[in-house]
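Asks: Here's the letter readout for the chains.
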Amino acid sequence: MKKRLSNALLSLLLVLSVLFSAGCLDALPDLPGFDPDINEQIPGGEETPGGGEETPGGGDDAPSGSVTLRNPGATPKPVDPAEHPAYSGEPYIAIDGNMPYFTAEEMVTTSFEYYSPLDSLGRCGYTVACIGPDIMPTEERGNIGMVKPSGWHTVKYDIVSGKYLYNRCHLIGYQLTGENVNESNLITGTRYLNIDGMVDFENMVADYIRETGNHVLYRVTPIFVGDELLARGVQMEAYSVEDQGDGICFHIYAYNVQPGITIDYATGLSALAGEPLPPAGEDSGTDIPPEEGAIDPGEVHDYVLNTNTKKFHYPDCSSAKDMSEANREDFTGTREAVINRGYEACGRCKP
Amino acid sequence: MTVFVCIDDRGGMLFNHRRQSRDRVQIADMLALVGGGRLLCDPYSATLFPQGGPIFDEGFLEKAEEGDFCFVENRPLAPHAGRISTLVVYRWNRTYPRDVLLDLPLPGDFRLTETVELAGHSHETITRERYER
Chain E
0 MKKRLSNALL SLLLVLSVLF SAGCLDALPD LPGFDPDINE QIPGGEETPG GGEETPGGGD
60 DAPSGSVTLR NPGATPKPVD PAEHPAYSGE PYIAIDGNMP YFTAEEMVTT SFEYYSPLDS
120 LGRCGYTVAC IGPDIMPTEE RGNIGMVKPS GWHTVKYDIV SGKYLYNRCH LIGYQLTGEN
180 VNESNLITGT RYLNIDGMVD FENMVADYIR ETGNHVLYRV TPIFVGDELL ARGVQMEAYS
240 VEDQGDGICF HIYAYNVQPG ITIDYATGLS ALAGEPLPPA GEDSGTDIPP EEGAIDPGEV
300 HDYVLNTNTK KFHYPDCSSA KDMSEANRED FTGTREAVIN RGYEACGRCK P
Chain L
0 MTVFVCIDDR GGMLFNHRRQ SRDRVQIADM LALVGGGRLL CDPYSATLFP QGGPIFDEGF
60 LEKAEEGDFC FVENRPLAPH AGRISTLVVY RWNRTYPRDV LLDLPLPGDF RLTETVELAG
120 HSHETITRER YER
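Residue numbers (numbering that gives the first Met the number 0), protein chains in the order written: chain E, 0 to 350; chain L, 0 to 132.
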C-alpha cells in the first residue's frame with residue numbers, strides 16, 4: 000500500500016522539484032544560511048503540536064495509513080562544518096544542545112516523507128519525514144548496489160570494518176520509512192559514518208515508534224561544501240510529536256570520516272593516512288570490480304558468534320568486544336555458513 | 000535491595016536525558032518479578048507505568064529498604080552498590096546513542112545466576128540477566 004502510494008507520488012515529487020528548483024532546495028548545497036522568518040525554533044520543546052499547511056492529500060483528515068506528500072515547509076538550517084569542531088574521535092557532536100530546528104507549524108501527526116531532488120551535481124538535498132508505524136517497512140531491505148551516489152568509489156581497506164570504505168548511506172534509514180532504491184535518499188558515506196554515526200539514532204527512533212505508535216519528525220541534511228561531491232557529514236534532527244519530545248529529541252552532526260583514511264571530499268578519492276591520494280580516476284586501497292558492492296557470501300572471514308543472542312559480528316565490532324566470554328564463540332568461515340547455523344548479522348557492524 | 004536496569008550493547012542507559020529505549024514486555028516482566036513487593040522509581044519513569052503501581056520519589060534509592068525493588072533509569076548506581084543484593088539487567092540487544100552508561104562493571108562483585116530471553120514488543124529479543132552477590 001505504502002509503496003504504491005509512494006510511486007504515485009513520485010511523479011508529483013518531480014513536478015515539485017521543478018517548482019522548487021529556483022528556491023530553497025537548490026540553495027542547500029551551497030550552505031547559504033537560512034531564512035530567519037521560517038525557522039522559529041521550538042522553545043524548550045514545550046510547544047503544543049499544531050496543524051501545518053499541507054498540500055492536498057495531507058492534513059489530519061488524511062486516511063490512516065496513507066503516505067502524505069507534504070510541502071516540506073521550513074527550510075532546514077544546515078550546519079556549517081567550519082563553525083563546529085573538526086572530528087576528534089567521536090562520531091558525532093550535539094548541535095544547539097540537541098534541540099532540533101523544527102517549527103511549531105511542522106508538528107503534525109500524519110505520516111509523510113519528502114526527499115529533495117538531486118542538484119545539478121547529482122547530490123542529495125535534505126530529507127524530512129513525519130514517521131509513524133504506517134510507513135515503516137514490513138519487508139527486508141533489497142539490493143541497492145545499482146545506485147552510485149555522488150562521490151562514489153568502490154574501494155576496500157583492511158583497516159575498515161567490513162573492508163569497504165564507502166557505504167550507500169540512507170539519509171532516512173530503511174528501517175524508518177522503507178525507502179530503499181531512491182537516489183534522493185542515498186549518499187556516499189564512510190562505514191564509520193553509517194555504523195558509528197547514524198545507525199544508533201535510527202535504531203532509537205525506530206524502536207520508539209514501534210513501541211509507542213507515536214510519530215517522530217525526522218530530518219537528515221547532508222552537508223556539502225562548495226562543489227564537493229562527498230558530504231562532509233550529515234545533520235540529523237528528530238522530535239517525537241505526541242509527547243512533545245519527551246521520548247525522542249536530538250540534533251546532531253555526524254562526521255563523514257573514516258579513522259586512518261584520508262579523504263578528498265571534492266572527488267571521494269581516498270588513501271591510507273600519511274600516504275598520497277591517488278590521481279583522479281584511480282583508487283588506492285584494494286581494487287575490486289566496480290559493480291561489486293556487497294560482501295561475497297562465499298568469502299571466508301573471521302566472525303564472533305554470540306551463542307546467547309544468536310547474532311554474529313566482526314571481531315572488531317564493539318558488541319563483540321563487550322560480549323561475555325560465556326556467550327562468545329569464535330568462528331572462521333563463510334557468511335553463508337554462519338547464517339546456516341541460525342545466526343543473524345549484527346545490526347551494528349553488519350557483517 | 001533488588002535493582003533493575005536496562006542497557007544497550009555498549010552499556011548505555013540514556014542519551015540527551017532520555018531513555019535509550021523502552022518495551023512493554025520488559026515492564027510487565029519486571030512487575031511480575033516484583034510481585035507483591037515494593038517497587039520504587041524516579042518520577043522520570045512514571046510514563047512507563049500508566050496504570051500506576053510503583054512509588055515515585057526523587058530520593059527513591061536512598062529511601063529503599065532491604066527487600067525493596069528499584070527501577071533505575073537515570074541515576075548512578077555506584078554510590079549505592081554496597082546495598083544492592085540483586086541486580087537484574089535487561090539487555091536490549093541493540094545499539095543506541097548514549098551519553099550515560101551503567102556505572103557498575105559486570106559481573107564485578109556479582110555473579111551471573113540466570114539468563115532468560117524474552118520476545119519483546121518492539122525488540123526482537125530482550126535478554127534478562129540476574130546478578131547476585
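Hints are computed from structural coordinates only; laboratory data are not their basis.
You may find that some hints are simply not true.
Unchecked claim - A short, non-exhaustive set of chain E residues, derived as facing chain L with CB atoms under 10 Å:
{"no.": "1", "residue": "T153"}
{"no.": "2", "residue": "D157"}
{"no.": "3", "residue": "F200"}
{"no.": "4", "residue": "N202"}
{"no.": "5", "residue": "Y207"}
{"no.": "6", "residue": "R209"}
{"no.": "7", "residue": "A336"}
It should be emphasised that the depicted structure is a prediction, and the values quoted were computed from it without experimental measurement.
Beta carbons: idealized from backbone N, C-alpha and C, even for Gly.
Asks: Hints first: check each against the structure and report whether it holds.
Replies: Consistency of the hints with the structure:
1. Hint status for E/T153: violated, given a least beta-carbon distance of 26 Å to chain L, over 10 Å.
2. With a least beta-carbon distance of about 24 Å to chain L, the hint placing E/D157 at the interface is violated under the 10 Å criterion.
3. Given hint, E/F200 at the interface with chain L, holds; its Cβ is 6 Å from that chain's nearest Cβ, closer than 10 Å.
4. A cut of 10 Å between beta carbons decides the hint on E/N202: the least distance to chain L is about 5 Å, and the hint holds.
5. A hinted interface residue such as E/Y207 counts as satisfied when its beta carbon comes closer than 10 Å to some beta carbon of chain L; here the least separation is about 7 Å, so the hint holds.
6. For E/R209, the shortest C-beta to C-beta distance to chain L is roughly 4 Å, which falls under 10 Å, so the interface hint holds.
7. Because the closest C-beta pair between E/A336 and chain L is about 22 Å apart, greater than 10 Å, the hint is violated.
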